[in-house]
Amino acid sequence: MGGFLPPAEGRSSALLGLYAVVSLLLLVTGERLPTEALRGVGAWVFAPLDRVVLIGDRIASSWRENQHLRQRVTELELENVKLRDAAVENQQLREELQLPLWHGLPLKPVEILALSGEPIPVSALLSAGRRQGVQTGDAALTRDGLLGRVGESYPSYSRVVLLTDPNSAVACEVESTGVLGVLHFFTAPKPRLMLTGVPLADTVRTGERVVTSGLSLRYPRGILVGTVSKVGKDPSGLVQDLEIEPAARLSRLRHGFVIPGPKALEGGP
Amino acid sequence: MRILGAFAWFMLVTLLLRSTALTALAARGLVFDVLAFATVVWALRWGESWGVSFGFALGLAADLDAAHWLGRHALALALIGYTVGRLSHTLVRDRARVQAVLILLATVLHQSWAACFEIGKLTGWPYVLERVALAAVVTAPVGTFLLALVRRASGQPLFTHAAVEPGPTG
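These protein sequence lines map, in sequence, to chains U and A.
Numbered per this note's numbering, the first sequence spans residues -19 to 249.
Numbered per this note's numbering, the second sequence spans residues 45 to 214.
Hints in this document: simulated from the structure, not taken from any laboratory.
From the three backbone atoms N, C-alpha and C, an ideal C-beta is built for every residue, glycine too.
The reader is advised that the hints may include incorrect statements.
The calculated label-pair distances, taken between Cβ atoms and stated as ranges, are [claimed, not checked]:
#1 A:Leu69 x U:Leu18: 25 to 31 Å
#2 A:Ser156 x U:Arg189: 57 to 63 Å
#3 U:Gln47 x A:Leu135: 51 to 57 Å
#4 U:Pro14 x A:Gln200: 35 to 41 Å
Let the sequences and hints guide you as you build the complete structure.
As structure tokens, this is what we get:
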């Protein structure tokens, strides 16, 4: 075939053939290739540039955010007074019932430098890595709710697998009733977060908050994930289809926090 | 050497835009397919050899940025780069209508191919069609407008010398 073509066209056709074969090979074997190191290099190259590109956007939004945060701080301070009273009461009751006491979560602030995936982001690049104590498996969240977990940790950066990654699964419970389920992201028939495995017998209403459950091996209990936005029946008729509106705005992420996974919090490996 | 520098620079800018401003826009429903747009522009400017190489390299970098399906963008963009590069010899490349049609077709092809990997079931096709149509409707006019802006700013045609530039192997 190449002999019938002029030299330049032959070269470009050969290149196309080569690239097509390499692409197809990568599609077949790519999942088994160790790409984490390459992504680490990519993060190292792009993260400083991402920071520069985002400066304008962040300066413009920081003024607005600052006003909003001042108002929020005041509201929270008022709420905090009531909660302190409730905490004292809760501690006394737990001691009487001999239940373990609740401990706060250590929050490590991070900057979110870039999002990957379109139109819905599936991963985010964080400004902290192993040197800053961020480990693979740590949970990532914003003040609004859970983002996902750290999937890859590089020396100075790390990558978070967001809730919207189709391979992500989070053990959750409905806050008010304790109904258990597993959160998955589905792309068909339309992109949505679903709480799966909830039996029909369990009563769940729209607007109820969904948090990480104590059954989760990767996330500490009680982190807000979202709210139930739609209640339906699975085509099998055995379980419910619960659509979840994520609490964190996954499309506009600037700052977040990393907390160690439950095993690290317990002092395990 | 100059072309290699431009190659790396154009790729870097495209990937940066994709991971910052355009991701935020995409999440609001405004999908500007910067990968397809950049590949079309590069292939129109430098012909099929550079077009196919640019598409492949850009696609591979985009694939590495995601966790799954390595080679997905690389294959589609290499094909787009090659096809547009071949067509660039016969088309009037500086005509806005030609650019709009090429960007539109490239976006439709790239978005359809990329969506096939994400939507496993047939029930997802209405969403795929909506996503592809939206990306094409946004990318073609915005891309053509951007090219017109650059042409006006530079004061000369953008795509003059594709046929005389040697490819990456030549």
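Structure-based check of each hint:
Checked against the given bound of 25 to 31 Å, the beta carbons of Leu69 (chain A) and Leu18 (chain U), roughly 27 Å apart, stay inside it. Take Ser156 (chain A) and Arg189 (chain U): their Cβ atoms lie about 38 Å apart, and the range 57 to 63 Å is violated. Range check, Gln47 (chain U) to Leu135 (chain A): about 52 Å between beta-carbon atoms, so the 51 to 57 Å window is met. A C-beta distance of roughly 47 Å is found between Pro14 (chain U) and Gln200 (chain A), which places it outside the suggested range of 35 to 41 Å.
Comparing the model with each earlier hint shows violations of hints 2 and 4; every other hint is respected.
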